[in-house]
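**Student:** If you want the building blocks of each chain, they are given just below.
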Amino acid sequence: MYNQNQTELLKKAEVDKLDFFYDGTVHALKKINMPVFDRKVTAMIGPSGCGKTTLLRCFNRMHDLYPGNRYEGDIWTDQGINLLGRKVDPIEVRMRVSMVFQKPNPFPKSIFENVAYGLRVRGEKNRAVLEQKVEEALQNAALWKEVKDRLNDLASNLSGGQQQRLCIARALATTPEILLLDEPTSALDPIATASIEELIGDLKERVTILIVTHSMQQAARVSDFTAFMYMGEMVEFNETSQIFTQPAQQQTADYVSGRFG
Amino acid sequence: MPLPNKNSEDDLKLKAKIASSKFLDNAFQVIGVVTMILAILVLGTLIAKLFIDGIAQLNFDFLTKFPSSKAAKAGVYSAWVGSLIVILLTAAVAVPLGVGAAVYLEEYAEKNWFADFIEVNVTNLAGVPSIIYGLLGLGVFKYGLGLGSSLAAAGLTLALLVLPVVIVTTREGIRAIPGNVREAAYALGATKWQVIWDHILPYSMGTTLTGVIVALSRALGETAPLIVIGAVNFIAYLPENLLSPFTVLPIQMFDWVGRPDPAFQQNAAAAGIVIIAMTLGMNAIAIYLRYYLRRSIKW
Ligand SMILES: Nc1ncnc2c1ncn2[C@@H]1O[C@H](COP(=O)(O)OP(=O)(O)OP(=O)(O)O)[C@@H](O)[C@H]1O
Ligand SMILES: [Mg+2]
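Sequences listed follow chains S and B, in order. No gaps in the numbering here: position 135 of the first sequence is 135 in this note's numbering, and each next residue is one more. No gaps in the numbering here: position 93 of the second sequence is 93 in this note's numbering, and each next residue is one more.
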């Protein structure tokens, strides 16, 4: 149905009639249906408060950390597992799905330890392996050049934009299958933003990426598919080129042309 | 809004408003400085008085001699050793228990009326008079567990006394950790235990230790509960094990204050100096640890 001229489209995951309630009462997501294509970039756009972060956090079961939050519906993976299933361990989900948060949140540890932490959680103790993977992740996050001589410095001494790239490196170090990016460049200057966007382009050969962004240009530049959300509902999902040139819904057209939101 | 014209009515009003706010600023500063000077003066006078009375007695011999019926020969050897052991014991019991309880309450316990109930009780326990803890120690440790009037009974009793403070400060330390740092760890696939061990405990340790040491320096000066469980006030040997009878500095001091011979008053003052020196020493450690453990932590 999508006329992507690349190779055949495979589904990595499929959101199926997903409802989400904060604290049992706030109905933040309403009957969301959305495919997530394997090794493609899916952008999620929509006005502030429409539920982008909430949807993103369903993919790694972040909502399970707080009592009272409730999911209804499923997120099926290509292996036929329901990520939201009661028998599925959220920790296992998070081992495969990495996340970069809206605000940089480094640990008050060294730069090295920040990036290495995900590997340590997975039981990696070999110093050489850790060093190699940390370097690779920092290279990928376009931070290596700036920090290679100060890996033992505290992460909090980095600038806001550097901290965000550190968080990206931290999420990449564990080679996730799905990478969730919640406005990863909102704190970055144009050069760092460009390097992150380039990184996203490189990464999608290996990783399925979901990215929340407030920048229409960014969505247009980096994504293959775009989901437009409004007030907790999925208004429109389509190939990015379609969403930006021939949206099916008036609301989408208004939003992407900057007339509201 | 355009700026008011110079010397117009609005301009003058604004200036008057700023001037009155500044006056309050200055007034408050003066009050603050005065109260602080008063507090320091009181403390200084106390310490000066102790020094004037006690300094003549205070020398190396005083620290290495046992008590004696002759004031000039008496020392605080058994007392300061007793104090040190009791405090170490108190810390060894209160820190793991208190940190464990705080972690449980913050990280595991469901937030419901029962948690609130425990919270209120823990806070209230911190305000219970120390002699009540003495009675508890008397019943539970001295007789109940058959520890007698021993170092162990004293350490356990004081551990109960400082436990609420350890719990409350540790919880404060844990609560100060931003939720998004916690989420970062969980998002990487960490289990609850890994989050606690790798993040929660290290990041709250500075606060915990500061609280612990402040509580311990208070315990160091505690007299009443130890008298209740039967600390002796004249003991001419060092404890052999944790079940040995003991004395501590404040009890030694209290004993000397009560004697008619004025020479003993000098001894009491000298013992007071030793207590204050130990307290200040502990506070110095607290300040250093807080600096050391928190140097990496900037939220
Ligand atoms: N912890 C929470 N408890 C209750 N309601 C919440 C909570 N977090 C978010 N919400 C509500 O859920 C809705 C969706 O929020 P969400 O954070 O997903 O928006 P968003 O699309 O990411 O917005 P933004 O672009 O501003 O980041 C909002 O109405 C918000 O008020
Ligand atoms: Mg958001």
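Just to be clear, a hint being listed does not mean it is correct.
Claimed, not checked - Here are the simulated lysine to aspartate or glutamate pairs, DMTMM-like style, with alpha carbons at most 25 Å apart:
#1 B:K192 - S:D149
#2 S:K87 - B:E107
#3 B:K298 - S:D202
#4 B:K22 - B:E9
#5 S:K204 - S:E72
#6 B:K298 - S:D153
#7 S:K125 - B:E110
#8 S:K103 - B:E107
#9 B:K192 - S:E113
#10 B:K298 - S:E146
#11 B:K111 - S:D64
#12 S:K125 - B:E172
#13 B:K298 - S:E233
#14 B:K192 - S:D89
#15 S:K87 - B:E110
#16 S:K103 - B:E183
#17 B:K298 - S:E113
#18 S:K103 - S:E197
#19 B:K298 - S:D74
#20 S:K17 - S:D38
#21 S:K17 - S:D89
#22 B:K192 - S:D23
#23 B:K70 - B:D255
#24 B:K192 - S:E124
#25 B:K192 - S:E92
#26 B:K111 - S:D23
#27 S:K103 - S:D64
#28 S:K11 - S:E146
#29 B:K192 - S:D64
#30 S:K103 - B:D255
#31 S:K145 - S:D202
#32 S:K87 - B:E172
#33 S:K11 - S:D78
#34 S:K11 - S:D89
#35 B:K111 - S:D89
#36 S:K103 - B:E172
#37 S:K11 - S:E239
#38 B:K192 - S:E239
#39 B:K111 - S:E72
Hints are computed from structural coordinates only; laboratory data are not their basis.
**Student:** Compare the structure with the hints numbered earlier in the document and write down the numbers of the violated ones, lowest to highest.
**Tutor:** Failing hints, ascending: 1, 3, 5, 7, 12, 13, 19, 28, 30, 32, 38.
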